[in-house]
Amino acid sequence: MRDPRYDILFEPMKIGPLTAKNRFYQVPHCNGGGYRDPSAAAAMRGIKAEGGWGVIFTEQCEMHHTSEITPFIELRLWEDKDIPQLRKMSERMKTHGALAGIQLAYSGINGPNLYSKEVPLAPSALPIRTFTNDPVQARALDKQDIRDLRRWFVNAAKRSKEAGFDLICLYGAHGFGIFQHFLSRATNQRSDEYGGSLENRARFSQEVVADMRDAVGDSMAITLRVSLDETIGELGFSNAEVRDYIEMNKDLPDLWDLAQGTWEDCSGPSRFKEEAAQEQLVRGIHELTEKPIVGVGRFTSPDVMAKMVKSGTLDFIGCARPSIADPFLPKKIEEGRIEDIRECIGCNICITGDMTMSISRCTQNPTFMEEWRKGWHPEKMNTKGDSSNVLVVGSGPAGLEAAWALCRRGYDVAVAEAKDVIGGRVTRERQLPGLNAWGRVVDYRDYQLSQRPNVEIYRESPLDADSILEFGFENVCIATGAKWRADGVARQHVVPMPIAAGARVYTPDDLMDGTIPEGRIVVYDDDHYYMGGVLAELLASKGAQVTLVTPSAYVSDWTNNTLEQVAIHPRLVDAGVEIVLNQGISEIHAGHVVSNCTYTDRTWNIEADAVVMVASRIGNDGLYANLLSREAEWLDAGIKSVKLIGDANAPGPIAWATYAGHRYARELDGPDIGDALPFRREITELAAE
Numbered sequence: 001m002r003d004p005r006y007d008i009l010f011e012p013m014k015i016g017p018l019t020a021k022n023r024f025y026q027v028p029h030c031n032g033g034g035y036r037d038p039s040a041a042a043a044m045r046g047i048k049a050e051g052g053w054g055v056i057f058t059e060q061c062e063m064h065h066t067s068e069i070t071p072f073i074e075l076r077l078w079e080d081k082d083i084p085q086l087r088k089m090s091e092r093m094k095t096h097g098a099l100a101g102i103q104l105a106y107s108g109i110n111g112p113n114l115y116s117k118e119v120p121l122a123p124s125a126l127p128i129r130t131f132t133n134d135p136v137q138a139r140a141l142d143k144q145d146i147r148d149l150r151r152w153f154v155n156a157a158k159r160s161k162e163a164g165f166d167l168i169c170l171y172g173a174h175g176f177g178i179f180q181h182f183l184s185r186a187t188n189q190r191s192d193e194y195g196g197s198l199e200n201r202a203r204f205s206q207e208v209v210a211d212m213r214d215a216v217g218d219s220m221a222i223t224l225r226v227s228l229d230e231t232i233g234e235l236g237f238s239n240a241e242v243r244d245y246i247e248m249n250k251d252l253p254d255l256w257d258l259a260q261g262t263w264e265d266c267s268g269p270s271r272f273k274e275e276a277a278q279e280q281l282v283r284g285i286h287e288l289t290e291k292p293i294v295g296v297g298r299f300t301s302p303d304v305m306a307k308m309v310k311s312g313t314l315d316f317i318g319c320a321r322p323s324i325a326d327p328f329l330p331k332k333i334e335e336g337r338i339e340d341i342r343e344c345i346g347c348n349i350c351i352t353g354d355m356t357m358s359i360s361r362c363t364q365n366p367t368f369m370e371e372w373r374k375g376w377h378p379e380k381m382n383t384k385g386d387s388s389n390v391l392v393v394g395s396g397p398a399g400l401e402a403a404w405a406l407c408r409r410g411y412d413v414a415v416a417e418a419k420d421v422i423g424g425r426v427t428r429e430r431q432l433p434g435l436n437a438w439g440r441v442v443d444y445r446d447y448q449l450s451q452r453p454n455v456e457i458y459r460e461s462p463l464d465a466d467s468i469l470e471f472g473f474e475n476v477c478i479a480t481g482a483k484w485r486a487d488g489v490a491r492q493h494v495v496p497m498p499i500a501a502g503a504r505v506y507t508p509d510d511l512m513d514g515t516i517p518e519g520r521i522v523v524y525d526d527d528h529y530y531m532g533g534v535l536a537e538l539l540a541s542k543g544a545q546v547t548l549v550t551p552s553a554y555v556s557d558w559t560n561n562t563l564e565q566v567a568i569h570p571r572l573v574d575a576g577v578e579i580v581l582n583q584g585i586s587e588i589h590a591g592h593v594v595s596n597c598t599y600t601d602r603t604w605n606i607e608a609d610a611v612v613m614v615a616s617r618i619g620n621d622g623l624y625a626n627l628l629s630r631e632a633e634w635l636d637a638g639i640k641s642v643k644l645i646g647d648a649n650a651p652g653p654i655a656w657a658t659y660a661g662h663r664y665a666r667e668l669d670g671p672d673i674g675d676a677l678p679f680r681r682e683i684t685e686l687a688a689e
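Under our numbering, the first residue of the sequence shown carries the number 1, and numbering increases by one thereafter.
Check the hints yourself; a few may be wrong.
Simulated DEER-style distance windows between Cβ atoms [as the list claims (entries may be wrong)]:
#, residue 1, residue 2, range
1, P453, S387, 17 to 23 angstroms
2, D3, R452, 23 to 29 angstroms
3, P127, G576, 56 to 62 angstroms
Simulated crosslink set (DSBU-like; lysine-lysine; CA at most 35 angstroms straight-line) [to be verified]:
#, residue 1, residue 2
4, K483, K419
5, K332, K273
6, K419, K640
7, K14, K250
8, K310, K21
9, K117, K161
10, K307, K21
11, K384, K331
12, K374, K643
13, K21, K331
14, K331, K161
15, K21, K380
16, K331, K374
17, K332, K384
18, K332, K374
19, K81, K117
20, K374, K483
21, K158, K331
22, K273, K310
23, K384, K419
24, K94, K331
25, K273, K374
26, K14, K81
27, K14, K88
28, K117, K88
29, K158, K94
30, K307, K250
31, K384, K483
Honestly, the hints are just simulated from the structure, not real lab data. Here the structure is a predicted model, which means the values were calculated and not measured. From the three backbone atoms N, C-alpha and C, an ideal C-beta is built for every residue, glycine too.
My request is simple: use the sequences and hints to build the entire structure.
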């Protein structure tokens, strides 16, 4: 039964000529599939419809070939031949009564046109702004260009209608959309009727919405996604101007979709942004318009959601990342199963799919983007195979996910954990600065497993090969994690680096075990994800004099893909950490390290009382190797299979571990597929000669 406190979230809501069945609104979000993997993307959206979302949007859809963002893979609606794949998506989105929305984007100053080779068009002639700093400039739209662009939006609207969509979102936020480019003085430096005053800068959006309303407005709703604040001072589109713009155009769209200025600000990770972080920027805007408002803020708590509506701040609860972590979030609230919600941890690993042009992942939901490719459903498991039981050795993210998925298939599961607490690396890392929310990976699975009669977790139970051979389990899953190396082997050094006797060298494991070195500390980061920056912050907070040395051009380089890097660097500077980029460490001595330039190999010394080595990890696969060496004894012991998974097999991000655990559980007792692909893929059809 639904808690009456949340009834307000399930009220039907009008959006122009349409009615949404509830207030749960999946705002546009990327997935790494786009035009390359349309069936995978369609199935993913369809699962959200089954999960109870009232409104479901596509990701950014390029609406014309004169503005495209190759190498990034989004949807395309350039011509009629794009309609069938989009229709497949809209049909999946509407299967359970949801409204299907498409986000039309003309990227303007963010569209380098590397594929189409067209000259980019923007309100003003300026260099293209992209993640990859493409050496391309846009030319300013002339009056005929603007008339053409208005027509292209109408053409795209008509194609969207033919493709079966109910709503159109015009993209003007995150710095990515032409509407924001016209509204912001930073990107609109025109002196004609489209530039200067806010009235003039608003003209383009007014014209496009009017054109589209004439074309499809009788049957489709038109929404406008605008930036809440570009956060670049008076030069940009500020929160004050946003309010002036909405008051001036209060009836312009059928719904106002409000999002923070940059993508990094809007989708800030949990390390730097709390739930509902944008509330103050949105509060009071509803007094300026009677049109409904949707906003975002990594909403995971039903109480916060209800508060946002009851306070008059929002009409719809906009979610991207929470809808990925748990596509069934609305249904679980409706059915009174709050404790079953798989809460987003705000790690932003989902965003890396878009940034690396690959299929996205989710740390909490390993079935994300595998709904079509592998046939995985987030709430349903395949039936049990021929065997009956499984021993899972290790209770880190891989082991816990394996146990959770296995027990739902119907296997009897025993989890053996050597320590007195479960969770492995997640339990350790959640104690580090900013990573507390990551503990939800353990908390969710711990609770779910505690509700299952066919699972037993044995703490303080280190096992060896002899013990496992005696137990009689049919299947053994080894998920014993990994440890950080202290010898420097990673990318700069493929063999151990020279370390003198008497040098004090620590690993992340040492610090997470409670050893905090003092004095002058060099953090050597050749891992390039979050750990080096987090440990530098930890040490600085404890009073150490910290120098972070990395061969990369960025601190925590790979976090550019999770939108964290721009926040990590200033956080470390504010903490007093000295940052040394483009330099490695060639030798470690007692009292100093020898640092070498990445490009010239010139060296100099950096004083150091101790070094924290954030290099690579090595899997704890000794138990697995011992069992393999005794394979001849498996039959007598009743063992049918032994499998090594997760970090013990190949260390990676936590999402890789939960995926490995889920995959093991899905494939146990499955047929041998030989050399066949373990997933489905789509191949572009060859055109006629």
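Hints, verified against the model:
In this structure the supplied range 17 to 23 angstroms holds for P453 paired with S387, their Cβ-Cβ distance being about 19 angstroms. Between D3 and R452 the CB atoms are about 24 angstroms apart, so this pair conforms to the stated range of 23 to 29 angstroms. Checked against the given bound of 56 to 62 angstroms, the beta carbons of P127 and G576, roughly 34 angstroms apart, lie outside it. At most 35 angstroms may separate the alpha-carbon atoms for a hinted pair to count; K483 and K419 meet this at roughly 15 angstroms.
Between K332 and K273 the CA atoms are separated by roughly 25 angstroms; this keeps the pair inside 35 angstroms, and the hint holds. Restraint check for K419 and K640: the C-alpha separation of about 27 angstroms stays at or below 35 angstroms, so the hint holds. About 16 angstroms separates the Cα atoms of K14 and K250, which keeps this hinted pair within 35 angstroms; it holds. Of the supplied pair hints, the one linking K310 and K21 holds, its CA atoms being roughly 18 angstroms apart against a limit of 35 angstroms.
At most 35 angstroms may separate the alpha-carbon atoms for a hinted pair to count; K117 and K161 meet this at roughly 28 angstroms. The hinted pair formed by K307 and K21 meets the criterion: a straight-line CA distance of about 19 angstroms does not exceed 35 angstroms. For the hint pairing K384 with K331, the CA-to-CA distance comes to about 26 angstroms; that is within 35 angstroms, so the pair holds. Our distance criterion of 35 angstroms between C-alpha atoms is met by K374 and K643, whose separation comes to about 20 angstroms.
Our distance criterion of 35 angstroms between C-alpha atoms is met by K21 and K331, whose separation comes to about 12 angstroms. For the hint linking K331 to K161, the alpha-carbon distance of about 28 angstroms falls within 35 angstroms, and the restraint holds. Restraint check: the Cα-Cα separation between K21 and K380 comes to about 25 angstroms, which is no more than 35 angstroms; the hinted pair holds. With a C-alpha separation of about 24 angstroms, the suggested pair K331 and K374 falls inside the 35 angstroms cut-off, and the hint holds.
As the CA atoms of K332 and K384 are separated by approximately 25 angstroms, the hinted pair is consistent with the 35 angstroms bound. The hinted pair formed by K332 and K374 meets the criterion: a straight-line CA distance of about 24 angstroms does not exceed 35 angstroms. Proposed proximity of K81 and K117 is supported: the alpha carbons are some 20 angstroms apart, at most 35 angstroms. The hinted pair formed by K374 and K483 meets the criterion: a straight-line CA distance of about 31 angstroms does not exceed 35 angstroms.
In summary, the hint linking K158 to K331 is supported, as the alpha carbons are separated by about 33 angstroms, within the 35 angstroms threshold. Our distance criterion of 35 angstroms between C-alpha atoms is met by K273 and K310, whose separation comes to about 23 angstroms. For the hint linking K384 to K419, the alpha-carbon distance of about 30 angstroms falls within 35 angstroms, and the restraint holds. Between the alpha carbons of K94 and K331 the distance comes to roughly 16 angstroms, so the proposed pair stays at or under 35 angstroms and holds.
A C-alpha spacing of about 33 angstroms is found between K273 and K374, which places the hinted pair at or below 35 angstroms, so the restraint holds. Simply put, K14 and K81 have alpha-carbon atoms about 32 angstroms apart, close enough for the 35 angstroms limit, and the pair holds. A hinted pair counts as satisfied when its Cα atoms are at most 35 angstroms apart, and K14 with K88 qualifies at roughly 25 angstroms. Taken as a hint, the K117 and K88 pair is honoured in the structure, with Cα atoms around 29 angstroms apart against an allowance of 35 angstroms.
This hinted pair checks out: K158 and K94 have alpha carbons roughly 19 angstroms apart, not beyond 35 angstroms. For the proposed pair K307 and K250, the alpha carbon gap of about 24 angstroms is at most 35 angstroms, so the pair holds. With a C-alpha separation of about 33 angstroms, the suggested pair K384 and K483 falls inside the 35 angstroms cut-off, and the hint holds.
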